Amino acid sequence: MSATNSRSFATGGSLLQGSFTNRIRKPTELMLVPMIDIFTVLVTFLLMTAVFSRITILQLNLPSADAGGAPAPPQFRLEVIVREAGFELTNGDALIAAVPKVDGQYDFKTLSDLALQLKREYPDVDDASVLMERQVKYDYLIQVMDTIRSTKVPAEGAAPGSTTTLEMFTHIAVGEAP
Amino acid sequence: MSLLNRAAPRVDAELNLIPMIDVMSVLVTFLLIYTADVEVLQNTKGIEIPNSTAQTQANQSVVVTITKDHVFVQGEMVASLADVTAADTPLIEPLKKVLERPMLFGDADAAGVAKREVTVIADKSLPFDLVRKVMATCTATTYGKISLAVLQK
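Those protein sequences? They're chains U and F, same order as listed.
Numbering follows numbering that gives the first Met the number 0, in which position 70 of the first sequence is assigned residue number 69; successive positions increment by one, without gaps.
Numbering follows numbering that gives the first Met the number 0, in which position 130 of the second sequence is assigned residue number 129; successive positions increment by one, without gaps.
Just so you know, these hints were derived from the structure itself, not from any lab.
Keep in mind that this is a model prediction, so the values were computed, not measured.
Using N, Cα and C, we set each Cβ at its ideal position, and we do this for glycine too.
There's no promise every hint is true.
Unchecked claim - Simulated coverage check for chain U against chain F, where a stretch passes if three residues somewhere in it have a Cβ under 8 Å from a Cβ of chain F:
hint : segment
1    : 39-46
2    : 102-108
3    : 114-123
What the hints assert, rightly or not - Simulated crosslink set (BS3-like; lysine-lysine; CA at most 30 Å straight-line):
hint : chain 1 : residue 1 : chain 2 : residue 2
4    : U       : 151       : U       : 136
5    : U       : 151       : F       : 95
6    : F       : 152       : U       : 151
7    : U       : 108       : U       : 151
8    : U       : 136       : U       : 100
9    : F       : 144       : F       : 96
10   : F       : 144       : U       : 151
11   : F       : 67        : U       : 118
12   : U       : 108       : F       : 123
13   : F       : 67        : F       : 95
14   : U       : 100       : F       : 96
15   : F       : 67        : U       : 100
16   : F       : 152       : F       : 96
17   : F       : 96        : F       : 123
18   : U       : 118       : U       : 108
19   : U       : 118       : F       : 96
20   : U       : 151       : F       : 123
21   : F       : 123       : U       : 136
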């Protein structure tokens, strides 16, 4: 900047001429540097506070929540009992199927298949219970709930290999295993 | 000197700042929008919450947090897990006391009970028994809805 100034004085033109050429030469300057400073600080701050993992919730179906009204007529209700040894599926009274652990891991695939089969049998039923033994990890509760809540089925009429999500038992209550 | 000048006419060294500002504006806007939808639940350090396919967004509620060592209500330490497992009661008494505080929920009428909500953030390695105790305590006091906080897959 000083260079241009000195040059304009060096040309020996009148003061008016000097300022005129100056106005032509020098475009109006934005004060960009402070703006960049602020932006940098903002970006760093926002990046640091940004949360990249979303927390969602699973709502439990509590029997006492909307008490009142006549008790619903007895109908099918899926119960999944999570034991140390594996899953047990019952309809409240009778055992439907037992899914033992495979290689020390819970067999979620079979559970999903059985749940789908039961959902096809009773399409109107949304209610289910997950009953857990005391020492089973809480993580498995969520996984079992996920498994019976929805499943992926092959989409009909679509390209082979594509799947759609089928909602199964969405009202899930939680309890302790008998 | 003059020779040198003539050979290479002097060009003002200039940073090209405009594209940089463009990029930064986009970044700032993106981050601002991304953080704008308020997270009701803060992910707490030291808790590994389970993954799930759940899509429901969390809403404003009383938050009960269970870490590997302690139980918190709205960030306030209530009991340690050692005490909870040692005390052989069906409910967690200190938690019950805190949950019964009237200032935790706004309205005190009976109709609000069913709507009162509590969100449980629990570490995934905890035994179910403990989580069940916390949930039982919540329902035994005046909370009609329980949600479990999970990490979206």
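We went through each hint and held it up to the structure:
A count of 5 residues in the segment 39-46 of chain U with a Cβ less than 8 Å from any Cβ of chain F is obtained; the coverage claim is therefore met, three being the minimum. Counting residues of the segment 102-108 of chain U whose beta carbon lies closer than 8 Å to any beta carbon of chain F gives 0, which falls below the threshold of three, so the coverage claim is violated. Counting residues of the segment 114-123 of chain U whose C-beta sits closer than 8 Å to any C-beta of chain F gives 0, which falls short of three, so the coverage hint is violated. The straight-line distance between the Cα atoms of residue 151 (chain U) and residue 136 (chain U) is roughly 25 Å, inside the 30 Å bound, and the hint therefore holds.
The suggested pairing of residue 151 (chain U) with residue 95 (chain F) is violated, with an alpha-carbon distance near 41 Å, which exceeds 30 Å. Between residue 152 (chain F) and residue 151 (chain U) the CA atoms are separated by roughly 15 Å; this keeps the pair inside 30 Å, and the hint holds. For the hint linking residue 108 (chain U) to residue 151 (chain U), the alpha-carbon distance of about 11 Å falls within 30 Å, and the restraint holds. A distance of roughly 15 Å separates the Cα atoms of residue 136 (chain U) and residue 100 (chain U); the hinted pair therefore holds under the 30 Å criterion.
For the proposed pair residue 144 (chain F) and residue 96 (chain F), the alpha carbon gap of about 18 Å is at most 30 Å, so the pair holds. With a C-alpha separation of about 28 Å, the suggested pair residue 144 (chain F) and residue 151 (chain U) falls inside the 30 Å cut-off, and the hint holds. Under the criterion of a C-alpha separation no larger than 30 Å, the hint pairing residue 67 (chain F) with residue 118 (chain U) is inconsistent with the structure, at around 37 Å. Distance check on the hinted pair: residue 108 (chain U) and residue 123 (chain F) sit about 21 Å apart at the alpha-carbon level, within 30 Å; holds.
Straight-line distance between C-alpha atoms of residue 67 (chain F) and residue 95 (chain F) comes to about 19 Å, which keeps the hinted pair within the 30 Å bound. Only pairs whose Cα atoms come within 30 Å are accepted, and residue 100 (chain U) paired with residue 96 (chain F) is rejected, the gap being roughly 40 Å. For the proposed pair residue 67 (chain F) and residue 100 (chain U), the alpha carbon gap of about 26 Å is at most 30 Å, so the pair holds. About 35 Å separates the Cα atoms of residue 152 (chain F) and residue 96 (chain F), which puts this hinted pair outside 30 Å; it is violated.
Note on residue 96 (chain F) and residue 123 (chain F): the hinted pairing holds, with a Cα-Cα distance of about 25 Å set against a maximum of 30 Å. For the proposed pair residue 118 (chain U) and residue 108 (chain U), the alpha carbon gap of about 15 Å is at most 30 Å, so the pair holds. Under the criterion of a C-alpha separation no larger than 30 Å, the hint pairing residue 118 (chain U) with residue 96 (chain F) is inconsistent with the structure, at around 42 Å. Restraint check for residue 151 (chain U) and residue 123 (chain F): satisfied, since their Cα atoms lie roughly 24 Å apart, inside the 30 Å limit.
Between residue 123 (chain F) and residue 136 (chain U), the direct Cα distance comes to roughly 7 Å. Compliance with the 30 Å bound is thereby established for this hinted pair.
Checked against the numbered hints given earlier, this structure breaks hints 2, 3, 5, 11, 14, 16, 19; the rest are met.
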